[in-house]
Structures are given as structure tokens and as C-alpha cells.
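Using the sequences and the accompanying hints, generate a full structural model.
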Amino acid sequence: MTVAPSQNPDAHIRPCDRTWAVRLQAAGWVLLALAALILPFAVILAGDPPRDAAFTQTMAFGLGFGALALVVLQFALTGRLKPLLRPFGADIIPVFHRFLSWGAVALMLGHFAMMYIWHKDDMGVLNPLKADPYMTAGRVALVCFGAMVITSEFRQWLRLDYLWWRYLHVGLALTGFAAAIWHVLGAGHFTGADGTRGLWLAITLAWGGLIAYTRVLRPWRQSRNPWRVIENRDEGDGIRTLVLRPEGRALRNWRPGQFAWLAVGGTPYSLREHPFSISTAPDKGPDISFSIKPLGDDSRRLSQTPVGSVAWIDGPYGVFTIDRESDAEGFVMIAGGVGITPILANLHALQARRDPRTIHLLYANKDWDDVPFRDQLARIAQDIDLRVTHVIEEPPEPWDTGGHVAVKGRIDAAMLDQVLPDRTRHWPHMMCGPAPMLAAIRAGLAGRGTPLSAIHAEIFEMV
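Here this note's numbering = 1-based position in the sequence shown + 1.
A portion of the hints provided could be inaccurate.
As the list claims (entries may be wrong) - Cut-off 20 Å, straight-line C-alpha distance, at most; resulting in silico cross-link-like pairs (SDA-like, lysine to any residue):
(1) Lys367 - Pro397
(2) Lys285 - Gly404
(3) Lys131 - Trp183
(4) Lys83 - Leu32
(5) Lys367 - Gln377
(6) Lys121 - Val141
(7) Lys367 - Asp423
(8) Lys83 - His98
(9) Lys83 - Gly29
(10) Lys121 - Gly189
(11) Lys285 - Arg253
(12) Lys83 - Leu161
(13) Lys83 - Lys131
(14) Lys83 - Lys367
(15) Lys409 - Asp371
(16) Lys367 - Val406
(17) Lys409 - Glu395
(18) Lys367 - Ala441
(19) Lys409 - Glu394
(20) Lys367 - Asp238
(21) Lys285 - Arg229
Hints were generated in silico from the structure; no laboratory data involved.
If you want it as C-alpha cells, here you go:
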């Protein structure tokens, strides 16, 4: 196959995306997070703590302070701060958020349990009508954060609408944090000195500043740059592609494979926004496309967006991009269903650049007739060295693939060995699809000797 001369892939790599720079940024953020967790204890111990406090009492207070420090970190993790997201990837941050949430609630429960078991007199009565307000505030904070975790983990089982869940989540977070600060300052344990009160004041101001940025300043910036839906087309298998055109400033610093938060109608101050991969490449901008499969209440609503609707974009985010892989000899890309969208954006960029590197794509779908983007992939393969293998779970009988390379089954270790040449083991493997599928593929790749550092996955489950 003959292709036009390629631009140097290294020309698309930004200094901040160099491997050494990414690792340095990640290490810096981890150290900063550890410092944030240690700071409350350092300030408290440097002051004048009570000398007659029992060990269990001091331990209980420590658990409470540690829980509050984790809660503050949670606001930073969910604030979509691009410098924080850059080294880790947006799909890893929710994992951090989830486990730190469980950790914070566990520390709160430990704080409450130790005080209740060994220092019940210090707690006072549990009846909120008789208890000191600052003590009731602590219990309100515990209930709020516990409810946040439970409603997030079991949202679909509880049948909570996505929008109402977001309203509930934000309301519980704001109430819980305010109540926790009230409890800490009111109790006065280890916080009586000016230095420690200054610490909690600084934490409160930082929290307030983060809320102001995420809920006021950022939506205000979005309101100055509306987008317009100019097309809503059917891609097959229930997937709809929305094409949006900027009516203000186009998307900046956009790389192939990234995603953005999309809100349609209303104002950008609404919480009804949803993350979707951008299925076009920046090389083909400034219009952008989102390919949406209606898997839940919010994605179903967005897939039915009429042409002419106003939209609001917050992005781009994510590191699922070929622009971090200038040294790659080639690529292995694996997609399931609508998970093809970020991969499609990367393929469009490779096509626009006439990149000569080889790409092996395994694309899994349930049936053959409704494979999304099948013809589009074939057209891309005419311009670059793209080798597509369609993996169909339930092919028709008889099966006419029309010249496409297709196999029956699911992507597993045996299929990876069958389709992928040995030389691809250490190439970047970019995967996007349902979580069970990705877990099975990771196991198969590990069996082939593919290093963990060469496996990059993108998954979003908010529907």
C-alpha cells in the first residue's frame, strides 16, 4: 500500500506529554496529596495538644482529621482540573475518587465508633434536639457522606435519574463538608490554637474557591462560547452522531481520542452534562462530533437532540491519544461497540497525517448487519496501513462479509494470538469498551507478554 509522505509523529507531541514529563507531574501530584493529608496532623502536633488525652481519644481525633483531609482531596479530584488530570488520565481519577470516598467514610465511622465505645461522655446525647449543635453537625456530615457513597454505588439499582443523582450528590457534598467544618471547630479538640484554627479557615477558603471555580467561573466561560448542533445522523446499532459547530471560540488544545462534557439546551450552569468521546480528530476540526449510544436516561435524551439545538462544551479531557506515542512502531487498537469512538478519532488523525505506521484494529460487535462505522473504517484503510478484524459474536447464516476481514466469537487470548503478529506485543494497545470485555482482554494480553505500561484503556459508565 502506498501512502503520501507522513509528518514526523514526534511533531505532534507536546513537551508536557513526554514520558519523563508525565512521570514527573504524576510524582509531584502524589507528593502534594500526601502533604495535604499530613499537614493537619503536623499543624496540630506543632501546637499545644491536650496532654491528658487517652490514646484511644487521640486516635479517634486523628481518624476524624484524616477523613476530613480525604474529603477535601475529593473536591479537587472531581473539579476537572486539567493539570491534575493530565498525568493520570480522566478514567483513572474516578477510580481514585471512588476508593478515597470509601476510605473517608471508613475513617469517619472509625472516629464515631471509637468515641462511642471509649469516650461516650464526650459525645453527649445522640438526640439532635438535645445535643450541642456542633455535635449534631458531625453526625449530619457522617450521614451525608455515607449517603453519597451508597447512592453513587447503587444508583442504577436505586433507579435514580442521572440529573437528580447529580443534584443529590452536589447537595450532600456541600452540606456534609460545611457540617464537618462546623463540628471540628465547635468541638475544639486540637483546634483551639490560632494556628490550627487558621488551618481550618484556609481549608474552608480553598474548598470555597474550588466550588466557585467549578460552579460559577467555568460555566461562565462556557456561556461565552456556545455550540450549535448541525447534524444528528444514524450510525447503526442505535448509535447517533451529533455534529456540533462552534459559534464562539473553537475547542483549544484538542488532541485525538479525548472527550468533553456535553450539555444541550438550557445554560452551562445546569448539572445536566455528560462525558462523551469526541469521535472526530482535531485535524478535521473545528466542528466536533459525539457518537452516542442510548444506554441510559441521559444518553437516550441526548441521542434524540434535534438539529439547531444550542449546546455547551467543557473540554477537552483525557490522555487516550496517539499523540503520546511518538516512538511507537505501530498500534494495536481494540474496541467493543460504541467504544470505537475515541479510537475512530485517533484513526482520523492518523489518516489526515498519512501516518505510515501499521495499525491492527479488533472491533467486537454482537451482530454483523448493524456494525457502526464499518464503511468509514474501510475508507480510512484506503489511506493508511489499517488492518481491521471484525469480531462478531452472533453472525448471520449465511454470512457475506463483503470483503471485510471478520471472524466469529469473542476477543480472548486465543483470538489475540490468532490475529496479532508477535511483533505487536510491545506496541501501544489502546482499548475501549465494556468493563468485562476489557478485563478479559487485559488477561489475554498479559498472557502474550504485553507489558502493563503498553496497555491503555478508556471506559465511561455514566449513562
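Here's how the hints hold up against the structure:
no.: 1; hint: Lys367 - Pro397; verdict: holds, 11 Å
no.: 2; hint: Lys285 - Gly404; verdict: violated, 28 Å
no.: 3; hint: Lys131 - Trp183; verdict: holds, 17 Å
no.: 4; hint: Lys83 - Leu32; verdict: holds, 18 Å
no.: 5; hint: Lys367 - Gln377; verdict: holds, 19 Å
no.: 6; hint: Lys121 - Val141; verdict: holds, 18 Å
no.: 7; hint: Lys367 - Asp423; verdict: violated, 27 Å
no.: 8; hint: Lys83 - His98; verdict: holds, 16 Å
no.: 9; hint: Lys83 - Gly29; verdict: holds, 15 Å
no.: 10; hint: Lys121 - Gly189; verdict: holds, 17 Å
no.: 11; hint: Lys285 - Arg253; verdict: holds, 13 Å
no.: 12; hint: Lys83 - Leu161; verdict: violated, 29 Å
no.: 13; hint: Lys83 - Lys131; verdict: violated, 46 Å
no.: 14; hint: Lys83 - Lys367; verdict: violated, 36 Å
no.: 15; hint: Lys409 - Asp371; verdict: holds, 15 Å
no.: 16; hint: Lys367 - Val406; verdict: holds, 16 Å
no.: 17; hint: Lys409 - Glu395; verdict: holds, 7 Å
no.: 18; hint: Lys367 - Ala441; verdict: holds, 16 Å
no.: 19; hint: Lys409 - Glu394; verdict: holds, 6 Å
no.: 20; hint: Lys367 - Asp238; verdict: holds, 10 Å
no.: 21; hint: Lys285 - Arg229; verdict: holds, 17 Å
Violation of the numbered hints given earlier is confined to hints 2, 7, 12, 13, 14; the remaining hints are satisfied by the structure.
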